[in-house]
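First to last, the sequence lines map onto chains A, B, C and D. Just so we're aligned: 392 in my numbering is position 229 of the first sequence, and the numbers increase by one with no gaps anywhere. Just so we're aligned: 70 in my numbering is position 50 of the second sequence, and the numbers increase by one with no gaps anywhere. Just so we're aligned: 470 in my numbering is position 93 of the third sequence, and the numbers increase by one with no gaps anywhere. Just so we're aligned: 124 in my numbering is position 111 of the fourth sequence, and the numbers increase by one with no gaps anywhere.
Everything labelled a hint here was simulated from the structure, so no lab data went into it. Don't take every hint at face value.
Pair ranges (Cβ atoms, derived) [stated by the list, open to error]:
1) B:Gly87 - C:Phe643: 49 to 59 Å
2) B:Gln152 - A:Ser192: 25 to 35 Å
3) C:Ile636 - A:Arg321: 22 to 32 Å
4) A:Arg321 - C:Pro641: 14 to 24 Å
5) A:Pro376 - B:Gly87: 36 to 46 Å
6) C:Val570 - A:Arg498: 19 to 29 Å
7) A:Arg447 - D:Arg126: 53 to 63 Å
8) A:Ser496 - B:Gln211: 22 to 32 Å
9) B:Gly38 - C:Ile636: 53 to 63 Å
10) A:Ala465 - B:Gly38: 18 to 28 Å
11) A:Ser192 - C:Ser469: 35 to 45 Å
12) A:Pro376 - C:Ala436: 33 to 43 Å
13) A:Met189 - C:Leu639: 32 to 42 Å
On a predicted model such as this, the values are computed, not experimentally measured, just so you know. Ideal Cβ positions, reconstructed from N, Cα and C, are used throughout, including at glycine.
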Amino acid sequence: MRPERRSFYTLAAIGLFFLGICLLEMYGSHYDRRVANLMMIYVILTVSLNLSNGIMGISSLGQIGFMSIGAYVAAVLTLPAGLKERWLTGLPHWLSTIQAGLLPAMVLAGVLAAVVAFLVGIVILRLQGVFAAVATLGFLIIVKVIAENWMSVTRGGRGISALPAYTNLWWTGAAALVTICVVLRIVKSPHGRSMLAVREHDLAAQSIGINAPRIRLLAFVVSAFFTGIAGSLWANLIGVVSPGSFYLWLTLLIIIMMVVGGMGSVTGSVISAAGFTILLELLRGFENRIAVYGISYILFAAVFMLVIIFRPDGVMGDREFSWTLLQRAAAFSRRKSP
Amino acid sequence: MGTDFLLKIDALSVSFGGVKALENYRLNLEASRILGIIGPNGAGKTTLFNLITGFIRPDTGRVFFNGRNITRWEPYRIARQGITRSFQNICLFGRLSVLDNVVAGCQIRRRPSFASTLFRTRAFLRDEKKLQDRARHLLSVFGLEQQAERRAMNLAYGDQRRLEIARALAAGPRLLMIDEPAAGMNPKETQDLLDLILELKARFSLTIILIEHNMNLVMPLCETVQVLNYGRLVAEGTPAQIQRNPEVIDAYLGDR
Amino acid sequence: MSPTAYFFQQFLNALSLGSIYALVTIGLAMVFSILRLINFAHGDLMMIGSYAILMIWDAGAPGWVAILAGVAISGVAGIIMERVCYRPLRGSAEMTTLLTSFAVVVLLENGAILLFGPNTRPFGILNFSHPTFSIYSTLISKIDVVTVILTLTILLLTALFIKRTTMGIAMRAVADDLTASHLVGIHLNRVIVSAFFIGSLFAGLAGLLWSARAGKIYPLMGFIPVVKAFVAAVIGGFGSIPGAVIGGYVLGFAEVFLIALLPPDFQGYRDAFVFVLLIFILLIRPQGILGAKAMERRI
Amino acid sequence: MPIWGTGKMLQVTGLEVFYGNIQALHGVSFRVAAGETVTIIGSNGAGKSTTLMAIAGLLKPRKGQIKYCGRQVEKLSAYQTVRLGISLCPEGRRIFASLSVHENLTMGAVQRRDRKAVRADIDWVLSLFPDLKSRLEQSGGTLSGGQQQMLAIGRALMSRPKLLILDEPSLGLAPVLVNQIFNVIAALKNENTTVLLVEQNARRALEIADRGYVIETGRITLEGPSAALKNNERVKNAYLGG
Chain A
164 MRPERRSFYT LAAIGLFFLG ICLLEMYGSH YDRRVANLMM IYVILTVSLN
214 LSNGIMGISS LGQIGFMSIG AYVAAVLTLP AGLKERWLTG LPHWLSTIQA
264 GLLPAMVLAG VLAAVVAFLV GIVILRLQGV FAAVATLGFL IIVKVIAENW
314 MSVTRGGRGI SALPAYTNLW WTGAAALVTI CVVLRIVKSP HGRSMLAVRE
364 HDLAAQSIGI NAPRIRLLAF VVSAFFTGIA GSLWANLIGV VSPGSFYLWL
414 TLLIIIMMVV GGMGSVTGSV ISAAGFTILL ELLRGFENRI AVYGISYILF
464 AAVFMLVIIF RPDGVMGDRE FSWTLLQRAA AFSRRKSP
Chain B
21 MGTDFLLKID ALSVSFGGVK ALENYRLNLE ASRILGIIGP NGAGKTTLFN
71 LITGFIRPDT GRVFFNGRNI TRWEPYRIAR QGITRSFQNI CLFGRLSVLD
121 NVVAGCQIRR RPSFASTLFR TRAFLRDEKK LQDRARHLLS VFGLEQQAER
171 RAMNLAYGDQ RRLEIARALA AGPRLLMIDE PAAGMNPKET QDLLDLILEL
221 KARFSLTIIL IEHNMNLVMP LCETVQVLNY GRLVAEGTPA QIQRNPEVID
271 AYLGDR
Chain C
378 MSPTAYFFQQ FLNALSLGSI YALVTIGLAM VFSILRLINF AHGDLMMIGS
428 YAILMIWDAG APGWVAILAG VAISGVAGII MERVCYRPLR GSAEMTTLLT
478 SFAVVVLLEN GAILLFGPNT RPFGILNFSH PTFSIYSTLI SKIDVVTVIL
528 TLTILLLTAL FIKRTTMGIA MRAVADDLTA SHLVGIHLNR VIVSAFFIGS
578 LFAGLAGLLW SARAGKIYPL MGFIPVVKAF VAAVIGGFGS IPGAVIGGYV
628 LGFAEVFLIA LLPPDFQGYR DAFVFVLLIF ILLIRPQGIL GAKAMERRI
Chain D
14 MPIWGTGKML QVTGLEVFYG NIQALHGVSF RVAAGETVTI IGSNGAGKST
64 TLMAIAGLLK PRKGQIKYCG RQVEKLSAYQ TVRLGISLCP EGRRIFASLS
114 VHENLTMGAV QRRDRKAVRA DIDWVLSLFP DLKSRLEQSG GTLSGGQQQM
164 LAIGRALMSR PKLLILDEPS LGLAPVLVNQ IFNVIAALKN ENTTVLLVEQ
214 NARRALEIAD RGYVIETGRI TLEGPSAALK NNERVKNAYL GG
């Protein structure tokens with residue numbers, strides 16, 4: 164397929180995507196829009212987790228900690244000033260008298276998450292494999308403990324509620340698109356190549372001049388940036404942030420989405436996150452009907468274990484979706500069924 | 021002090037858990053030479069490679085490359101100075117394509133800024149094209165151009181060995197260190213490898229250090245041969261001298 | 378209360394908490410040293426044991442029967458866990474099995490929520506926690522004494538098992554060198570099942586003591602103890618069983634005295650300090666405690 | 014004198030072993046008769062250790078047969094081949110570093126239930142390697158290289174193997190110790206133990222063995238009585254070049 168053709172298809176797909184957003188925003192029910200927003204947020208989370216864990220091969224269990232940071236930053240920034248003065252007594256005066264919009268909240272959420280990732284990464288990324296996994300899990304627990312106890316800024320276990328519902332599909336859709344685009348561009352660049360090389364064999368990578376610790380830190384920080392943004396979008400979608408929201412279940416959910424989509428495949432993550440969001444909603448509806456809750460968790464964990472045993476590379480492995488691939492698949496199926 | 025040596029090593033020693041893996045090793049290597057290092061298994065040859073390339077830190081001793089003291093540098097910095105290597109147990113980037121293995125080596129010189137990666141500037145695209153072209157050219161030198169799109173782990177054994185050398189060479193070294201390239205190769209493949217190394221040396225004006233057991237490779241290639249045994253340098257000389265040296269024969273075939 | 382009495386009380390408290398950590402950590406370390414598997418679901422065996430004890434007791438069985446049966450159920454649950462969840466993954470990457478164990482946690486904890494409901498239940502068996510007695514004006518709770526004596530007895534037995542029995546030596550051999558263990562004819566599956574069984578029994582027992590101490594149980598009770606047991610294991614040198622015991626006690630003391638020393642406003646942050654400690658220790662030995670060895674083998 | 018009726022204790026036919034996509038053995042065939050000492054020599058990466066690991070049950074061959082005492086063993090696991098009487102003393106010793114010398118030897122007899130006989134065999138091994146006697150409680154990792162090698166051989170003997178396989182027993186040892194190791198092999202040979210020996214030290218190996226095979230790039234390229242191989246120019250070339 165010619166390159167011009169490919170970019171035409173890509174542009175057309177993006178156009179369709181925004182058309183869909185437009186239609187949903189105009190005609191979709193509240194519930195439809197909420198599910199679509201969650202889907203976009205899960206896509207951001209999964210794709211950025213894939214950058215650090217799949218593409219870079221960092222064994223992080225703590226990414227949701229960055230989401231938590233992003234969500235709290237957004238909550239503190241966007242909470243109406245009156246409520247801030249009542250609830251969040253520990254804030255400096257200038258902060259408690261303003262109410263920020265979504266864009267500055269998003270940017271600051273991402274930046275702060277990235278800064279924390281930078282500091283944490285300098286320390287934790289020196290660890291390998293399971294040790295890194297448990298250290299990052301420790302980070303997640305630390306974030307939760309702080310959120311639970313720093314009453315004057317996070318309001319502790321009660322959480323911060325009454326956040327303005329700024330988030331809409333234009334924001335989440337655009338953020339998801341930017342995340343996908345940035346991660347894909349990183350993958351197909353010398354930076355991404357270095358990441359993959361370090362993942363495959365870090366000593367061999369160093370032997371050809373790749374600064375392994377630095378490239379790992381870069382992947383970790385970029386991943387945290389987008390995860391933080393997802394947190395801010397989440398806060399202003401749900402309207403409440405509380406410490407328990409960003410913990411083990413969400414961590415596992417995103418890991419499941421990434422592994423099933425294929426570690427290392429950005430498009431796999433997108434497809435998987437979208438599919439699982441819908442599955443999650445269907446199951447939730449089912450649970451509501453029979454009034455037995457928790458089945459979806461159990462089912463997801465079981466699915467994950469089956470995938471890891473029988474198809475450990477996930478659906479896409481580490482390949483990427485491309486129009487050429489689609490064309491070939493179409494040709495193949497046409498040949499099969501004349 | 022004659023400082024014309026490309027690589028100069030003084031009194032290098034390291035021990036692991038009380039066992040002296042390398043003891044008081046010294047070397048003066050001029051540019052454009054091929055040095056062979058032989059010795060039985062466990063003699064300390066690979067340890068020496070790991071010391072020079074920074075993967076192991078020495079207990080004592082100093083390594084000078086191109087007049088600069090590179091002792092205790094990080095491996096990636098030593099590589100950027102111009103020393104690259106292959107590994108005894110093949111260490112390719114298994115799931116990457118053959119081409120990407122080599123491109124990863126090529127990109128040592130020009131590393132784009134993160135911003136240009138994100139915004140795909142014209143310079144970025146031009147450099148990326150250059151990298152790919154250079155890598156494909158190298159693959160053709162190694163006869164691997166047909167395999168460019170395959171995953172490295174799916175290559176045949178001999179091709180994997182050559183790809184490792186290609187990757188090391190892609191990083192544009194002045195000193196190339198090859199660890200047992202002929203292990204597990206048959207005589208025909210070994211002969212081809214010999215021709216390849218000679219061609220590389222001439223084409224890229226390399227200095228080469230070679231660890232090898234197969235004398236059919238060492239003898240015709242190397243101008244100087246060092247023999248290690250129990251972590252110590254036991255002999256040094258031309259291949260002909262080494263071949264006649266009774267101590268060397270004993271080290272290899274066992275003492276009488 | 379006199380400062381000496383207060384100190385003594387805290388000392389016993391720390392000893393008791395450390396004992397529980399040691400019991401949990403041994404199981405974690407045994408399995409890790411053999412399989413390189415960090416089994417997060419190990420903590421859920423505590424939960425399973427505690428619920429089993431409570432159910433059997435509620436059904437009218439005498440306390441000691443409930444305890445024995447509950448601990449045994451926890452041991453069997455460990456064997457089932459190995460067979461169903463981990464054996465199919467034998468030989469996969471460390472990260473794969475770790476993620477799987479994470480999924481097992483979610484599976485078991487939500488299964489428990491489904492079965493027993495999400496709420497806390499009182500755990501009043503034997504009424505361990507309340508009765509206290511006083512020596513030289515020091516208040517001593519019975520559960521602490523029972524915990525310490527029971528644990529020390531078990532540790533002694535474990536030491537004998539590890540040191541003297543063929544199975545014990547075989548466990549250490551497998552931890553040392555898997556290939557060589559195959560070559561001398563050690564039946565690996567038997568060793569693994571034994572390690573899981575013993576570790577799970579200990580977890581069940583730790584669950585009993587933990588619940589009796591807290592006076593309540595809930596489905597998610599196992600997670601924080603197991604992550605802390607990991608910290609204890611790291612302190613002691615991962616995979617080493619004496620190290621696990623030492624690490625457990627160090628952590629117990631660190632925690633109790635942290636609470637005693639921290640101003641009241643900061644006591645909620647106790648767990649955060651524990652994990653900062655973990656990261657700090659891992660940092661001093663950058664590749665983890667096992668690092669140096671692994672490095673040599675790789676090139 | 015052959016103990017087993019056929020005189021063939023081990024018969025390997027057309028063995029092919031792969032590591033992932035890489036083929037390490039291309040149809041290796043050889044045999045060892047009961048009571049014989051046979052050596053396989055060859056350079057690094059030729060496939061010696063791979064062959065031995067396949068026999069011991071550590072690797073599953075993709076093709077080919079391994080017949081031991083009349084039964085097919087290529088699909089068995091290591092603990093099963095040990096039960097049948099095959100004992101491999103691996104390259105690089107691989108003793109249990111944190112276990113004591115005594116415990117290492119105990120592990121060599123892990124499948125045996127005859128405790129008394131095991132105790133007697135520990136004494137027998139210690140009589141073969143007197144150096145270890147005073148170090149019974151010392152942990153394996155603190156031994157010198159030579160002592161570790163002796164312990165590894167001793168541990169392999171503790172299962173009372175019918176077929177003892179030694180992979181590079183002289184690797185990295187000083188000449189004095191190499192002598193000691195080969196003396197023990199000679200002693201075992203006199204006791205009619207069947208030994209399959211893989212060595213880099215070709216001269217010594219051919220001195221002690223009855224027959225030998227030369228392996229190159231995963232194929233047996235030469236075979237014959239040791240005396241004949243010893244004077245063969247090709248063997249010399251394989252090591253020192255023309």
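Inset, instruction - Could you say whether the range 25 to 35 Å given as a hint is met by the Cβ separation of B:Gln152 and A:Ser192? - result: 49 Å Cβ-Cβ, so the 25 to 35 Å window is violated.
Legend entry - Cβ separation of C:Val570 and A:Arg498, checked against the hinted range 19 to 29 Å: Since the Cβ atoms of C:Val570 and A:Arg498 sit about 51 Å apart, the hinted range of 19 to 29 Å is violated.
Inset, instruction - Could you say whether the range 53 to 63 Å given as a hint is met by the Cβ separation of B:Gly38 and C:Ile636? - result: Distance hint for B:Gly38, C:Ile636 is violated at roughly 44 Å.
Legend entry - Range agreement (Cβ of D:Arg126 with Cβ of A:Arg447, hint 53 to 63 Å): 58 Å, holds
Inset, instruction - May I ask you to test the hint 36 to 46 Å on the CB atoms belonging to A:Pro376 and B:Gly87? - result: 28 Å, violated
Inset, instruction - Determine whether the Cβ-Cβ distance between A:Met189 and C:Leu639 falls within the hinted range of 32 to 42 Å. - result: 55 Å, violated
Inset, instruction - With respect to the beta-carbon atoms only, verify the hint that C:Ile636 and A:Arg321 lie 22 to 32 Å apart. - result: 24 Å, holds
Legend entry - Distance restraint evaluation - B:Gly87, C:Phe643, Cβ atoms, bounds 49 to 59 Å: 56 Å, holds
Inset, instruction - Indicate whether the distance between the beta carbons of A:Ala465 and B:Gly38 respects the range 18 to 28 Å. - result: 51 Å, violated
Legend entry - Pairwise beta carbon distance, A:Ser192 to C:Ser469, judged against the given window 35 to 45 Å: 44 Å, holds
Inset, instruction - Check the following: the C-beta atoms of A:Ser496 and B:Gln211 are separated by a distance inside 22 to 32 Å. - result: Between A:Ser496 and B:Gln211, where Cβ atoms are some 49 Å apart, the hint is violated.
Legend entry - CB-CB spacing for C:Pro641 and A:Arg321 relative to the 14 to 24 Å hint: 20 Å, holds
In this structure, the earlier hints numbered 2, 5, 6, 8, 9, 10, 12 and 13 are contradicted, and the remaining ones agree with it.
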